[in-house]
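Participant: Spelled out, the chains give:
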Amino acid sequence: MPRLVTLTTDFGAGSAYAAAVKGALLAVNPEAALVDLSHHIPPQDLHYTAFFLRACVPYFPPATLHVVVVDPGVGSERAILYVELAEQQLLVPDNGCWTALVEAMGPPRRVLRLTESRFWRPQVSNTFHGRDIFAPVAGHLSRDIDPALLGVPTDTWVNLALPQPHISEIVLEGEVIFIDDFGNLLTNIPAGAFQRFQERGMRVWVGGAEIAWWVRTYAEAVPGTAVALISSSDTLEIAVCQGHAARHFQACVKTSVRVELAG
Amino acid sequence: MPRLVTLTTDFGAGSAYAAAVKGALLAVNPEAALVDLSHHIPPQDLHYTAFFLRACVPYFPPATLHVVVVDPGVGSERAILYVELAEQQLLVPDNGCWTALVEAMGPPRRVLRLTESRFWRPQVSNTFHGRDIFAPVAGHLSRDIDPALLGVPTDTWVNLALPQPHISEIVLEGEVIFIDDFGNLLTNIPAGAFQRFQERGMRVWVGGAEIAWWVRTYAEAVPGTAVALISSSDTLEIAVCQGHAARHFQACVKTSVRVELAG
Amino acid sequence: MPRLVTLTTDFGAGSAYAAAVKGALLAVNPEAALVDLSHHIPPQDLHYTAFFLRACVPYFPPATLHVVVVDPGVGSERAILYVELAEQQLLVPDNGCWTALVEAMGPPRRVLRLTESRFWRPQVSNTFHGRDIFAPVAGHLSRDIDPALLGVPTDTWVNLALPQPHISEIVLEGEVIFIDDFGNLLTNIPAGAFQRFQERGMRVWVGGAEIAWWVRTYAEAVPGTAVALISSSDTLEIAVCQGHAARHFQACVKTSVRVELAG
Numbered sequence: 001m002p003r004l005v006t007l008t009t010d011f012g013a014g015s016a017y018a019a020a021v022k023g024a025l026l027a028v029n030p031e032a033a034l035v036d037l038s039h040h041i042p043p044q045d046l047h048y049t050a051f052f053l054r055a056c057v058p059y060f061p062p063a064t065l066h067v068v069v070v071d072p073g074v075g076s077e078r079a080i081l082y083v084e085l086a087e088q089q090l091l092v093p094d095n096g097c098w099t100a101l102v103e104a105m106g107p108p109r110r111v112l113r114l115t116e117s118r119f120w121r122p123q124v125s126n127t128f129h130g131r132d133i134f135a136p137v138a139g140h141l142s143r144d145i146d147p148a149l150l151g152v153p154t155d156t157w158v159n160l161a162l163p164q165p166h167i168s169e170i171v172l173e174g175e176v177i178f179i180d181d182f183g184n185l186l187t188n189i190p191a192g193a194f195q196r197f198q199e200r201g202m203r204v205w206v207g208g209a210e211i212a213w214w215v216r217t218y219a220e221a222v223p224g225t226a227v228a229l230i231s232s233s234d235t236l237e238i239a240v241c242q243g244h245a246a247r248h249f250q251a252c253v254k255t256s257v258r259v260e261l262a263g
Numbered sequence: 001m002p003r004l005v006t007l008t009t010d011f012g013a014g015s016a017y018a019a020a021v022k023g024a025l026l027a028v029n030p031e032a033a034l035v036d037l038s039h040h041i042p043p044q045d046l047h048y049t050a051f052f053l054r055a056c057v058p059y060f061p062p063a064t065l066h067v068v069v070v071d072p073g074v075g076s077e078r079a080i081l082y083v084e085l086a087e088q089q090l091l092v093p094d095n096g097c098w099t100a101l102v103e104a105m106g107p108p109r110r111v112l113r114l115t116e117s118r119f120w121r122p123q124v125s126n127t128f129h130g131r132d133i134f135a136p137v138a139g140h141l142s143r144d145i146d147p148a149l150l151g152v153p154t155d156t157w158v159n160l161a162l163p164q165p166h167i168s169e170i171v172l173e174g175e176v177i178f179i180d181d182f183g184n185l186l187t188n189i190p191a192g193a194f195q196r197f198q199e200r201g202m203r204v205w206v207g208g209a210e211i212a213w214w215v216r217t218y219a220e221a222v223p224g225t226a227v228a229l230i231s232s233s234d235t236l237e238i239a240v241c242q243g244h245a246a247r248h249f250q251a252c253v254k255t256s257v258r259v260e261l262a263g
Numbered sequence: 001m002p003r004l005v006t007l008t009t010d011f012g013a014g015s016a017y018a019a020a021v022k023g024a025l026l027a028v029n030p031e032a033a034l035v036d037l038s039h040h041i042p043p044q045d046l047h048y049t050a051f052f053l054r055a056c057v058p059y060f061p062p063a064t065l066h067v068v069v070v071d072p073g074v075g076s077e078r079a080i081l082y083v084e085l086a087e088q089q090l091l092v093p094d095n096g097c098w099t100a101l102v103e104a105m106g107p108p109r110r111v112l113r114l115t116e117s118r119f120w121r122p123q124v125s126n127t128f129h130g131r132d133i134f135a136p137v138a139g140h141l142s143r144d145i146d147p148a149l150l151g152v153p154t155d156t157w158v159n160l161a162l163p164q165p166h167i168s169e170i171v172l173e174g175e176v177i178f179i180d181d182f183g184n185l186l187t188n189i190p191a192g193a194f195q196r197f198q199e200r201g202m203r204v205w206v207g208g209a210e211i212a213w214w215v216r217t218y219a220e221a222v223p224g225t226a227v228a229l230i231s232s233s234d235t236l237e238i239a240v241c242q243g244h245a246a247r248h249f250q251a252c253v254k255t256s257v258r259v260e261l262a263g
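The listed protein sequences derive, respectively, from chains A, B and C.
Sequential numbering of the first sequence, starting at 1, is according to our numbering.
Sequential numbering of the second sequence, starting at 1, is according to our numbering.
Sequential numbering of the third sequence, starting at 1, is according to our numbering.
So here's chain A without its partners, still in its complex pose (with noise of 0.2 angstroms):
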């Protein structure tokens, strides 16, 4: 069976960079089958890419290979490692942007820094490691190569620390921590919590704006309704009803959502 590697970078839709990190990797080995996640993360954005990986990651079968190249780091002395997490493996820079899945998918089971450059282009430029390094180690990883030759084992690298929300029996107080394609905001306050106000009766600020409905779905509310619910990351999330929410508040990340108990 052919091996799975995902694709996540910052090139850009249509990159030519994308496709060079393509045909490095299938130079290394033309039956990987490759499966594109996203090359729209915003420039070096770590944060993104850190909600873009917890958000589709865990859901693909063991086995799979994840290859992430967000890397502001290129060319410096930051390390790249290679990551088993749970049934599946990653290559990502030492930058933070995997870590967040450790909450959902447990600790890491065996975490490697590369320094084999055997494995590598044998001319490596200072400013496209993904053409360069990540693709032909993604290739030869994909031909279940060991991994120990690949590198060193570390216990060291760098966490990403994500905005995290102030939760106590009367107020919680979160963030948008992301917004979707629909305009919809996606925040870090969890479902449990936000369940637990809403059975008790609550009030849900966006910005300075008050929400008044709380929906389980977006097809209940009259097209246009600001509402809650929850997400389907299981985090409270803010939406307008057949419309764009991000637009209708003029919300964006970092944007404060606050939920108190009523009465």
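Calculated directly from the structure, the hints in this document are not laboratory data.
All the pointers check out, no bait thrown in.
Now the stretches of chain B that chain C is said to cover, found in silico as 3 or more residues with beta-carbon under 8 angstroms:
| hint | stretch |
| --- | --- |
| 1 | 35-44 |
| 2 | 47-61 |
| 3 | 179-193 |
| 4 | 217-225 |
Computed from the model, here is a short list of chain B residues facing chain A with C-beta under 10 angstroms:
| hint | residue |
| --- | --- |
| 5 | 30 |
| 6 | 121 |
| 7 | 125 |
Covered by chain A, per the in silico footprint, the following chain C stretches (three or more residues, Cβ under 8 angstroms):
| hint | stretch |
| --- | --- |
| 8 | 39-48 |
| 9 | 180-187 |
Keep in mind that this is a model prediction, so the values were computed, not measured.
Backbone N, C-alpha and C define an ideal beta-carbon position, used for all residues, glycine too.
Place chains B and C on chain A using the hints.
Facilitator: Frame of chain A; chains B and C shown alone:
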């Protein structure tokens, strides 16, 4: 031979939602051969989806499974349908997005409403049936499960009414139904009717502007000239040679198009 | 082993045209391994296509077939070519989009003009040869048909003249030929010439603005600094560290770039 499974969604380019659908599908069948058709359907636009599918589905080989997640009714009581049409298979929300295919490919040979939740993800969210129902069911179908296990036969479904042209002996009245990335205007006036007029001499208007030339192909016209021609979908098309007809005519979907017998 | 077939078009992201090309290709060979390179080539931009192909085609494994549909002359008398270049294969309109590859990969070993319509779709539209000729021919080639059956050998074709830098002992004059999604400016000044100047002391201008620093890699500079460096395509590149050089310098393709020996 691995089974071809195409994906058409309105999730947006590089969306984590499209990535999660791929993961959940491959989790059921890691050997499915995924083909991205589009993740750029304008949000919840069923008319666009209808045109899109009609322009590409008929060209695929037999036994291709087309998964379409353009689903404003997600989480409501709308059904999800499995459809066999000519030699192809569809997995679609019951919102009419697929019914324009019947004109080109004949009536469906079989339509089922999905009911058997044992083929879905164990937890089904209220807002993301693409990941939790469509994807795993597509995975099972691509492993050649008997479709009859998935649900119950039905002979009623939502039909989408597309705008119809008015065709008489002396005038053809239609409208722009699609604008491609080159800015060309595709109309709902069939090639056959247009050609009968063209043989006898005609005048063509888009909105209030008259088109002076008709051609067989873009390359026949002087750059910058507005022309009428037969589109690759066998309908009347308005183009500006090496230019952008939509901007030139300030035209959009629903702009009227009129053909009159001359003299 | 399934044959790799890459797709490069100017149809636009998520275009129904790209989807139809995939369908018509897979209809001939459902086992072809499709790889999307780009559907975002700016409409009909042959210079961009030339740069794009040079940045990725050389990295692919032998026996990859590259299908390129950037075709302003569709429907005219322009030929469609099958080309063998180094160990790779191309299917291209005869408009010069591929000839810049010769510099990097050597002269073509074989060039044919497609003439045998029995390998095309039965009905060939005047505006969509991508679907009606390129796709089915690519399907047949990926099934290892003898290419000689497709057409007739030719030793003449359109060559695309790319802007050449002016190189002397004391000055290098070139221009921006590509802007990537990070806003970095890629020029046509070769790395070798630049490095000779750099060793002896130099000054660098983009348009009227001087670049004060040169670096080995993005990460060496202070964020916000404009720098000159060697690109991953082995040419002079102008970047703004963690910024957007194109916006910073209001530069576009064709903006002049000048390197002078200092003192």
